[in-house]
Amino acid sequence: MTQSVVVQVGQCGNQVGCRFWDLALREHAHVNKKGVYDEALSSFFRNVDLRRNDGGSCGVGGKIENLKARAVLVDMEEGVVNEILQGPLREVFDSTQFLTDVSGSGNNWAVGHMTYGSAYREQIVDKLRKTAEHCDCLQCFFLIHSMGGGTGSGLGTRVLSMLEEEFPEVCRIVTSIYPSAEDDVITSPYNSILAMKELTEHADCVLPIENQALVHIVNKIKHMSHCGKPGSVIKTDTTVMSGQGGLSRAEKPFDTMNNIVANLLLNITSSARFEGSLNMDLNEIAMNLVPFPRMHYLVPSLTPLYTLADVSVPPRRLDQMFSDAFSKDHQLIRADPKHSLYLACALMVRGNVQVSDLRRNIERLKPSLPFVSWNQEGWKTSLCSVPPVGHSHSLLALANNTCVKPTFIGLRERFTKLYRKKAHLHHYLHVDGMEQSYFTEAVSCLNSLIEEYDHLDATKGRLMPDAPRFSIAR
Amino acid sequence: MSVVTVQLGQCGNQVGHELFDVICSDALEDQRKGYSTASCERFFHQTAHGELVARAVLVDMEPKVINQTICRSAKSGRWRYGETSHFSQKQGCGNNWAHGFCVHGPRHRDVVEELVRREVERCDRLAGLMAMMSVAGGTGSGVGAYITRYLRDVYPKSFILNHLTWPYGTGEVIVQNYNSVLTLAHLYHHSDAILVHENDTVHRICSQLLNIKHISFTDVNRVIAHQLGSILQPALTTDSNGIYSRNPLGELVGSLACHPEYKLLSVSTIPQMPSSSIAYSTFSWPGLLKHLRQMLISNSKMEECIDWQVQLPSASERTRTLLGSSFNTSLANLLILRGKDVYSAETGSFEDPALYSSWLSPEEAFNVWKSPVIFNKYEKSATLVSNSKALLRPLDNMLGKAWNMFASRAYIHQYVKFGISEEDFLDSFTFLEQVISSYNQL
Ligand SMILES: Nc1nc2c(ncn2[C@@H]2O[C@H](COP(=O)(O)OP(=O)(O)OP(=O)(O)O)[C@@H](O)[C@H]2O)c(=O)[nH]1
Ligand SMILES: Nc1nc2c(ncn2[C@@H]2O[C@H](COP(=O)(O)OP(=O)(O)OP(=O)(O)O)[C@@H](O)[C@H]2O)c(=O)[nH]1
Ligand SMILES: [Mg+2]
Ligand SMILES: [Mg+2]
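Line order of the protein sequences matches chains A and B. Per UniProt numbering, the first sequence starts with residue 1, numbered consecutively. Per UniProt numbering, the second sequence starts with residue 1, numbered consecutively.
No lab work stands behind these hints: they were computed from the structure. Take these hints with a grain of salt, some might be off.
The list that follows gives simulated cross-link-like pairs (lysine-lysine, DSS-like), each with its CA atoms no further than 30 Å apart [unchecked claim]: (1) K90(B) x K75(B); (2) K377(B) x K34(A); (3) K377(B) x K340(B); (4) K64(B) x K33(A).
The following block holds chain B by itself, in its conformation from the complex (with noise of 0.2 Å):
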């Protein structure tokens, strides 16, 4: 089955960019013809020569970026995307939402549909849609969510998975926490899960994990694709007798119980270290994976971070409320392991009840998938898809900065201009203050 990838913005197509090429090669290494073949088909089309093209879309309202995209894929060697698969105007949205979603989208939401369509109608089957952009900027998050909600009544029955990368505190768009807002609350309703990246945390794990001195754009993006690439690769299902999954998006949001209140999944993995030093470490499952249980309920992205201090609640506090707790509570988790002996981990830390809010049951709040392919290199490697409370202070930090900023109206006027009115943003806050308030009840 074949997953079609949607690039939006800057963002989007960057990071697009750098998924497939992760992808690509890890495809490419593997002699195992089954993993390969699967992967490859998966992601990519393959021409008459025995090319390997990318089933993406790429849209930006400015034609730069994309050009600069398709020229790097085009110099791998390796893949390429495909010649007409893209849009793009003259113009950018000028990190106005509004302008993205209320002008740009419905105009040329027809072009996009239909080169969505022409990937769709090359996949023998379509495992679903996934779209990639920034929240902060005004094409990717404005036009994205407006393309997603559209996508959403072309193909009812697909699923549609939303990559958002989440801005840096402070220092490139003013009005983020507004588009931010806007966005979330707009994809919420049309999409089946919503894989979140932050920028400051992938960004200490380039410094701090990597030890990259000067950090550009490009090594946050590889980080992002590492983890994208280590859940979207096939892998093995409890079920799947030895044949891998057909259905990587379906499963994922199965998976993780994504409910329509409860769908910001987050994502760690371990180890991640200077590709020098990978060829020289080794690794054991129990002890990989000691430290992403306590990553998981101490909600620390990085091994380096952990609290050890954060211990699961007793009994007799699970019925206090756990507000101001450090401890992370989950609703559903899925754990992805790949590489040697994978077969012998064992997982059983993290089907403890404690772990996990009483409306599932262990078993069915906990699932994983295994692969015995090494991936990107490292020997032994293991990422988990949360779906908790560890996104709940980022989110309840971005929401509480765009509504002091609304108490002034300031800004407003920008979005008016193209038809996003005061109620619009009403609405918006008032739907993520009931996210806030759900994750809170886990």
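Isolated chain A, as found in the complex (with noise of 0.2 Å):
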């Protein structure tokens, strides 16, 4: 068995990491009547005796003494981190993983990436070995964090590099949360595009969601809620919903939002952390999603997200379920997969489905689904037999798919838009370290990523011929 460890940096990145960490225990709870320490719970948690002196871990087998999360929590704040101290979920962490400062990084990338990036190294450096050190077999790093202020983009991505640095085999799945248009932090443009350039040169897998994509769907689902027709009725046990049910109580504006974020993770992870009969390894991620290093952004999309199906369901909603993770409403950024190109696609699905069930709807998706010519059968499956709490089963699609680009294009014109007037540079340029080709390499980093997917765009619609092979003279 497999451990994960996730690092979670900024404002955001702990925000949707405790919702994780929350609905993770729920999860686990619901599966694991007997209060053994199992190896599923050991993927994500350590079980600690508190009694021993050495602070040292239990093995597998024993009973759930004290759960502590594999990971690491940095912020250049103390909010959030002070909140989760005295939250619920304090028992999950220990004071040694967490790593503050006072002042943020004041929505600027530099100061996170270049003076803090600095000044912290060691001992970020530091935690994430000892974190790694419990690991019987470590396999994945998942970096969650935004994109649009200064700790979570800057120091972020800087973490990011170190991961690099110094667990080159140990796969990095980042989960980046971008800003939307009308976003409070002016300077986010900047700190998104100037992160970009660090996740494309050093991240395995990026999971780019979108806010405005976010409040979209929880929108749609209070909106549900409030003109409930009958049968589309919002269960509110469901993992979806906010709080309920979980260890805290009171909702925070992002809870819901980052609740489906959370979902997402727990969907990605669970066939890491529960028997199936078609398992994905957290590696095999990377191996079938990514045909070119740089291409490595996975659009999730996710279901049930509105309709939250009954126990027993019958098979016209499961194949609903497969539909509905093809259409615009049910991705995490603003996107529709189904009008650009397919490069490959995961579908991860838990609960009670077969073989057959896969393979029944993906003949039946396959014809209004445009792939790329080399990889018409660019499909990968996995099948986790543990449900999500409160449904009969889920669906987890990761697209790569150049219905990214619109995203990308958008940001890089409200940075434009800022950059010609050079507003608000001086703030970057005064940090020691920075200097102005940070901007320029980063905006042609992100040009030619985008034409990359113009590049393959064009291929789409186009009979490709067959690579002439080769003949064998006798």
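These two chains come separately, so use the hints to put the complex back together.
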């Protein structure tokens, strides 16, 4: 069995991270009735006997003593982390897992990346190593951060390259929250573009999520629960709705949105945490979905989101779930994968679903989904037998699809608008180690990424001839 | 003589388990002592307490499948795996052939070789080694190809047979065609014979012949195990004078004219039906053999799909190229008959020269093994192992898809990371094009 470590950086990273830990605990409590520390739990939690002085962790098979999240929490201000320390999740973390400063990065990528990155480098690496040492076989780092602020975006991406240097063999999957066009943070386009270069060059996979898409989904859920048509009743105890049944009671503004992201993380890690007849190891994600090293942005979509199924689900509903995963409304960025081009696609299913259900639905949906000519059969599937709490089954689709392009183009436009006026630039250039070239290089990195997607898009709909084969002379 | 089996990766371990299960229950079922003894000696050794222990080594890079496999065999109560005959690590190869071949293979070859040697030393006489694996994943295919090469060096004179499971067309591993191409090209140099089962074909047997509704890997693996078992269980060869053949792998390789360019063997078995129907069915040898022969020449792996239109080419057509014709030319065939009245079965129709390439005389190209013992509950059962053009089309498809992907250099960086270069790919492509071209010449 392998383990993973979550690294949450900045306000957003820590808030999303905590929703994940909350829901993960709930999910394990639901499945694990005996209170035994099992392999499933060990993938994301240590079991610590506080009576032992060495603070060492207990092996799998014993009774649950104290579960400690395999996590490192970093923020350059104290607010969010202090809240965690006083909140219901405080038991899950040790003080040694935190790293904070007092003043924040002031929405400035350069402060996070350069100033704090250099000042805290040793401490961060030390904490990462300690957490890694507790793992028997460390398979994956999950980095969670926002693109718009200073700490998550700047220091978060600095941590990413520390991971690459220190643990080159461990897979790095990054969950990045992209700012909306009307984001409060004026400098968010700068921060995002500077962070994008780091993500493109140092991550194995990036799961981009747009706050705008989350807002849209949350509004739709609220709308449905208010004008509740019969049959579309929202169950309040499902994990998409916040807090309820979980560890924290009070609902904070971002909670519902963050729960959606936490659900994504729950589902992507489910195959690593639980048994299933078709397991997908975390390192199989990049291997199967990333045909070119820089094109590792995987658009997530999650179902069910709106219609929350009852326990006995007629087959039509199951098939509906597969259809939904490809609709615009279920994507976690604002994008339309069906009308763009697929490079590859993974379907990660949980609950009582058979291989034959997978095959039937792939056959059914395939004709309407454009795949790149050399990967017409670019499907990777997994089945995890444990469904999410409150559902009979669920589906997470990860699409390597050119539909991420508009998000990147939009970001570039907003960046250009600011950059042309040199707005706020001096705040960045003041920072030790920061230079104007960082901006120009970051834009040109993004430009070439967009071009690569353009090239692939251009092949769409064209009938590509098979590559001529070698002929063997006799 | 005994065979030592090496099960590699998830598929190799799961299929291997079913094979030992079939062989064991078949061996214990029969009252004829000679047959049971020969079968047990071939695949098991006995402990002081009389327990049957498989002559097998289990290898995977992650522990889950091996643990499950060992548990399941222990539960059968009839046989088990050796307590220390397995090797696993904590994390699989993530579907990456290069990770298996370049990293895990070299790193663990000595441990695996040691396990194999212990099994070999337990055999009074070694008939050969059989390595079982899928070609689509990372461990079975990558580690499997490496270990096969290594075992070839250590046992230069022993027969090595590889059993390969070819992937479904779609749905499980996106880089499966790359992994398959690399595996086949590497195995071809070191293996004596490569026996292939295609998942799509076996799946169709499960649904259309066995009427199974929700088909699991266990169902698929039982079919594979039945067909493999019917090849590997003791049988009498033409010149064995009533003594069960001593050298199953050597005779298999010899009968099928395996040759550096022609080593791909396909299998078909008849009849196959739901176990509830077996008791109510009777078969005649002429009927079974007529069907099996047409399955051979029309290249259908299932009795239900036989194309009766396909005819042997007439003498004048033989000189024309047969490309595009649906007639399946053979290089060599081995027919294995098991069950009642087996000595009365007339197999002359398989000796028609028109079935074969002109390179071998029909007497050289065709062999029959027989056993009067009822196999796996079928009163009569016939299996044909064929070195023919049967696998040409699936191989060509596999290569074509991999080549298209390679033309865009998609996914190559994942292999380069572990030490497999573009040139390595090109070598594998070139080599397999050669194999295809050779089979096309038949
Ligand atoms: N979805 C979501 N977005 C958030 C959350 N908190 C902040 N954001 C978004 O993240 C961006 C701001 O980044 P923060 O994470 O607050 O900033 P930080 O990383 O703490 O950096 P500094 O505050 O500058 O030190 C904006 O786009 C916010 O809309 C959250 O809990 N959930
Ligand atoms: N017939 C059959 N095919 C299987 C079975 N298990 C896996 N496969 C096939 O094997 C391929 C996947 O390879 P695996 O054997 O699972 O991979 P592995 O060798 O364990 O390698 P990694 O997991 O990548 O390290 C796919 O084509 C599956 O269809 C099985 O029990 N029976
Ligand atoms: Mg902050
Ligand atoms: Mg495996």
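Hint by hint, here is what the structure shows:
For the suggested pair K90(B) and K75(B), the alpha carbons sit about 24 Å apart, so the restraint of at most 30 Å is met. A distance of roughly 44 Å separates the Cα atoms of K377(B) and K34(A); the hinted pair therefore is violated under the 30 Å criterion. With a CA separation close to 11 Å, the supplied pair K377(B) and K340(B) stays within the 30 Å bound. Distance hint between K64(B) and K33(A) is fulfilled; the C-alpha atoms sit about 22 Å from each other, no more than 30 Å.
In this structure, the one hint that does not hold is number 2.
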